[in-house]
Amino acid sequence: MRKTFTVARWEYLERIKSKAFIISLFLMPIIMVTTGVLPTLLASRPDTESKVIAVIDQSGEFEGELSHVLKERFVLPNGQPNYILRPIPVDPSGDVSGARRLADSLVIAGEIEGYVILPMSMMTDTTVEYRSENIGNFKITERLTGVIRDVITERRLRERGFDPTVVKELTSPIELKTIKLSKTGQEEEAGFAQVFFTAYVFMMMMFFLIMTSGQILVRSILEEKSNRVIEILLSSCRPRDLMAGKIMGLSGLALTQMGFWVAIGLAVSVKFSITLVPFGTAMLLGAYFVLGYLLYASIFVAAGAPVSTEQEAQQINSYLVLILVIPIVVAFVAVQNPNSTLIRILSFIPVLTASMMVLRIPIQMPSALEIILTMVVLALSGLGAMWMAGKVFRTTMLLYGKRPSLREFVSLVRSRER
Amino acid sequence: MLNVTRVRKTFASVIAVDDVSLNVRRGEILGLLGPNGAGKTTTIRMILNIIPPDGGTISFDGREFSEDTRDIVGYLPEERGLYRKSKVLNTILYFARLKGIEADEANRRGYKWLERFDLLTAFERRIDELSKGNQQKVQFIISVLHDPQLVILDEPFSGLDPVNQVVLKDTLMELKQQGKAIILSTHQMDQAEKLCDRICLIDRGKVVLEGSISDVRNRYGRNTLHIEFSGDASFIPRMPWVKTSHLYENSAEIELNDHEHVSTILRELAGRLEITRFENSFPSLNAIFLNLVGGAPGTNGRKEGTG
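Going down the list, the protein sequences come from chains A and B.
Position 268 of the first sequence, counting from 1, maps to 268 under the numbering used here, and the rest follow consecutively.
Position 125 of the second sequence, counting from 1, maps to 1125 under the numbering used here, and the rest follow consecutively.
In short, the hints are calculated from the structure, not lab data.
Don't take every hint at face value.
[As the list claims (entries may be wrong)] Pairwise CB distance ranges (calculated):
#1 Phe1011(B) - Gln314(A): 23 to 31 Å
#2 Met1(A) - Glu1105(B): 16 to 24 Å
#3 Glu370(A) - Gly1062(B): 54 to 62 Å
#4 Ile23(A) - Lys1206(B): 23 to 31 Å
#5 Glu370(A) - Ile1015(B): 54 to 62 Å
#6 Ile349(A) - Lys1206(B): 49 to 57 Å
#7 Ile372(A) - Lys1112(B): 24 to 32 Å
#8 Ser1234(B) - Gln311(A): 47 to 55 Å
#9 Ile23(A) - Gly1159(B): 31 to 39 Å
#10 Glu1105(B) - Gln314(A): 38 to 46 Å
#11 Gly1027(B) - Ile16(A): 41 to 49 Å
#12 Ser18(A) - Arg1116(B): 25 to 33 Å
#13 Arg1116(B) - Met1(A): 44 to 52 Å
#14 Pro1052(B) - Ser18(A): 28 to 36 Å
[Unchecked claim] Keeping only pairs whose Cα atoms sit at most 30 Å apart, straight-line, the calculated BS3-like set for lysine-lysine is:
#15 Lys1132(B) - Lys19(A)
#16 Lys17(A) - Lys1132(B)
#17 Lys19(A) - Lys1087(B)
#18 Lys1243(B) - Lys1206(B)
#19 Lys271(A) - Lys51(A)
#20 Lys1206(B) - Lys19(A)
#21 Lys1243(B) - Lys1194(B)
#22 Lys1206(B) - Lys1169(B)
#23 Lys17(A) - Lys1085(B)
#24 Lys17(A) - Lys1112(B)
#25 Lys1194(B) - Lys1176(B)
#26 Lys1194(B) - Lys1132(B)
#27 Lys19(A) - Lys139(A)
#28 Lys1112(B) - Lys1169(B)
#29 Lys1169(B) - Lys1132(B)
#30 Lys139(A) - Lys271(A)
#31 Lys1176(B) - Lys1132(B)
#32 Lys1087(B) - Lys1112(B)
#33 Lys168(A) - Lys51(A)
#34 Lys1112(B) - Lys1132(B)
#35 Lys1087(B) - Lys17(A)
[Said to hold, decoys possible] Some residues of chain B that are not near chain A, with every Cβ distance over 12 Å (derived):
#36 Asp1019
#37 Glu1078
#38 Phe1123
#39 Gly1133
#40 Gln1139
We put the beta carbon where it would ideally sit given N, CA and C, even for glycine.
Please work from the sequences and hints to get the whole structure.
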């Protein structure tokens, strides 16, 4: 046991200074913020100042109404209107090219956000052009579409002879407010994007954690084999002390890494006052993290011990990445229907269990039975993998050059310990 | 100290070590000799319990290998290398702690050894900043810092300059004085001849020669000529009195047929060469080695280090 700690301490202290570790430490939060939190933050964040949108109204009949509805519907927190409509006069001949040139120059000068061209026959023509430097701003386009549609519909209804008050009633806008229900019956307001990204971020965290440690582990084994330090090590301690020490040291690294990320996550959530997950859920996620991590660490040991060249190490890593990538691929399906049979089945495949559950829990809490069963499956396969890794490690650490064939591999695992 | 009795080891279909027995006493250096692929490294690994033997016994002071045994042996592998990115002293301390030495004590001894090998200024440097020779000295320190009772050194002199070779030789002699048992595996026969008390020559997994240096020499008798000369000596192997010969640029070692008259031979040689040294003595270990394992070492195609 003492030797295990000595190895663990060495692995931890030496690796924590390594470039690979430091890069991964910062890379993950950067990716987390850019792919997850940032779009959600941007999308849900209200504008702070009014935006000017120009309108070229060929018939001249809609501009006033449009301006009125926009002002009424979208107001900034400071009480100012969110959008100010600026009419651009059209040549009496009906030619819009002059107005368009003027509007284009205004867009490019940055004076207006963009502009819409309302055609002459607004009542029948259903195409409205929106021109802007930034057409990816779905918030503006969505809002404009809604307002224009409502105005036109209202007008169409009125022309058919409906009472204006009835029309108002009939066309009142509908707002969709999404509320996530948790098992305990608590409500929390959360958009699809937030739920999805939270789940996704947790899964990515796990992916990175496992990948970093796995790579460090395989690399450290490779180094010890190629510089033959392994012979000194194995003459100083039992293979199982060495393996346990390595896994322990790396788990320490992973904990450090996770602690760092959690600290960043907390800082972000406090700053922007978002609750990512409740405490109980976090504990559950943590349990899956640890169990999944141990399973993968053992797999990496078993796969890495026979490796003796850089090329082989990369091959091994890419196979393992493939397995880890599966949950990322099915994440979209899982979010839409976290309790589908496919997702449930995938949750019981040990190498996928941890990532699948980490993905599912923030979206919709699986049943207690399913949680217990998956945990048992994961823990048992973790123990099994560790036992196997111990055998493989002991027998293949001294193999240089040739990698054992599958058959030899199996016989190694089955060979009796001395 | 160490008793190896009839150990065997087979890899797939190759018999790497076949019935090897050897023993090392305290205060003695045993030369473990043999061509490449003879089974030396495999034997050493079995002694160190890195790989289990298929048969035979290995005992330390009469006791079988136990976990405590690991702490009383020190090993310098043939192929060198250390953690490239790690600091010198840190690395030394790590291995010392693995051998059960407390941090403070390891630190104290580490400085002492570094000083002895003139590496004191390098203790904070990274391993890959050191020269090959210095890395090797660090590795030697690692193999002896924990004050092992049995020290196994595989080619400890290769890569060292003459000055450091002397430092290492003195250190080995000192370890011997302290009553350590030392196994020295080497290809350098002259070194083995000078340093070892006894030798054990392994070829193709079997012990082919064993005994003290003087025993071995006596066994081969005094019918060897050591000569130094100038001139063209290429005629020597064809002479009728030559049993075997090893020619070098300006010297030769000639094993004579039985009952040859040395003085006749001297006259004959003096007629054709400028002789500067002429000695009738024991064969060198090198000649014995070459005769026993049949020609140049390493031609049998087997590679050492795969097991």
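So, going through the hints one by one against the coordinates:
For the hinted restraint 23 to 31 Å between Phe1011(B) and Gln314(A), the CB-CB distance of approximately 28 Å keeps it satisfied. At roughly 20 Å, the beta carbons of Met1(A) and Glu1105(B) sit within the given window of 16 to 24 Å. At about 60 Å, the beta-carbon gap between Glu370(A) and Gly1062(B) stays in the expected band of 54 to 62 Å. Between Ile23(A) and Lys1206(B), the C-beta spacing of about 53 Å breaks the proposed range 23 to 31 Å.
Glu370(A) and Ile1015(B) have their C-beta atoms about 56 Å apart, which keeps the hinted 54 to 62 Å range intact. A C-beta distance of roughly 53 Å is found between Ile349(A) and Lys1206(B), which places it inside the suggested range of 49 to 57 Å. Between Ile372(A) and Lys1112(B), the C-beta spacing of about 58 Å breaks the proposed range 24 to 32 Å. One distance hint, 47 to 55 Å for the beta-carbon pair Ser1234(B) and Gln311(A), holds here, with the actual separation near 49 Å.
About 35 Å separates the C-beta atoms of Ile23(A) and Gly1159(B), a value consistent with the hinted range of 31 to 39 Å. In this structure the hint that Glu1105(B) and Gln314(A) lie 38 to 46 Å apart at CB holds, the actual value being about 42 Å. Separated by about 45 Å at the C-beta atoms, Gly1027(B) and Ile16(A) satisfy the suggested range of 41 to 49 Å. Range check, Ser18(A) to Arg1116(B): Cβ separation about 32 Å, and the 25 to 33 Å hint holds.
Separated by about 33 Å at the C-beta atoms, Arg1116(B) and Met1(A) break the suggested range of 44 to 52 Å. Take Pro1052(B) and Ser18(A): their Cβ atoms lie about 34 Å apart, and the range 28 to 36 Å holds. Among the hinted pairs, Lys1132(B) with Lys19(A) is consistent with the structure: their alpha-carbon atoms are about 25 Å apart, no more than 30 Å. Between Lys17(A) and Lys1132(B), the direct Cα distance comes to roughly 24 Å. Compliance with the 30 Å bound is thereby established for this hinted pair.
At most 30 Å may separate the alpha-carbon atoms for a hinted pair to count; Lys19(A) and Lys1087(B) meet this at roughly 16 Å. Among the hinted pairs, Lys1243(B) with Lys1206(B) is consistent with the structure: their alpha-carbon atoms are about 25 Å apart, no more than 30 Å. With a C-alpha separation of about 26 Å, the suggested pair Lys271(A) and Lys51(A) falls inside the 30 Å cut-off, and the hint holds. Note on Lys1206(B) and Lys19(A): the hinted pairing is violated, with a Cα-Cα distance of about 48 Å set against a maximum of 30 Å.
Under the criterion of a C-alpha separation no larger than 30 Å, the hint pairing Lys1243(B) with Lys1194(B) is consistent with the structure, at around 26 Å. Our distance criterion of 30 Å between C-alpha atoms is met by Lys1206(B) and Lys1169(B), whose separation comes to about 29 Å. Pair hint Lys17(A) plus Lys1085(B) holds up; C-alpha atoms about 10 Å apart against a cutoff of 30 Å. For the proposed pair Lys17(A) and Lys1112(B), the alpha carbon gap of about 28 Å is at most 30 Å, so the pair holds.
Pair hint Lys1194(B) plus Lys1176(B) holds up; C-alpha atoms about 14 Å apart against a cutoff of 30 Å. With a CA separation close to 25 Å, the supplied pair Lys1194(B) and Lys1132(B) stays within the 30 Å bound. Taking the CA atoms of Lys19(A) and Lys139(A), the gap is near 41 Å; set against the 30 Å cutoff, the hint is violated. A hinted pair counts as satisfied when its Cα atoms are at most 30 Å apart, and Lys1112(B) with Lys1169(B) qualifies at roughly 17 Å.
Under the criterion of a C-alpha separation no larger than 30 Å, the hint pairing Lys1169(B) with Lys1132(B) is consistent with the structure, at around 18 Å. Simply put, Lys139(A) and Lys271(A) have alpha-carbon atoms about 24 Å apart, close enough for the 30 Å limit, and the pair holds. Taking the CA atoms of Lys1176(B) and Lys1132(B), the gap is about 26 Å. The hint holds against a cut of 30 Å. Restraint check for Lys1087(B) and Lys1112(B): satisfied, since their Cα atoms lie roughly 17 Å apart, inside the 30 Å limit.
Between Lys168(A) and Lys51(A), the direct Cα distance comes to roughly 26 Å. Compliance with the 30 Å bound is thereby established for this hinted pair. For the hint pairing Lys1112(B) with Lys1132(B), the CA-to-CA distance comes to about 21 Å; that is within 30 Å, so the pair holds. As the CA atoms of Lys1087(B) and Lys17(A) are separated by approximately 12 Å, the hinted pair is consistent with the 30 Å bound. Every Cβ of chain A is farther than 12 Å from the Cβ of Asp1019(B); the closest lies at roughly 20 Å, confirming the non-interface assignment.
Residue-level check failed: Glu1078(B) sits 8 Å from the nearest beta carbon of chain A, not beyond 12 Å. A cut-off of 12 Å between C-beta atoms confirms that Phe1123(B) is not in contact with chain A; the least separation is 17 Å. With a minimum CB-CB distance of about 16 Å to chain A, Gly1133(B) clears the 12 Å threshold, and the non-interface call stands. A beta-carbon of chain A is positioned within 12 Å of the beta-carbon of Gln1139(B); the least distance is around 8 Å.
This entry does not satisfy hints 4, 7, 13, 20, 27, 37 and 40, going by the numbered hints stated previously.
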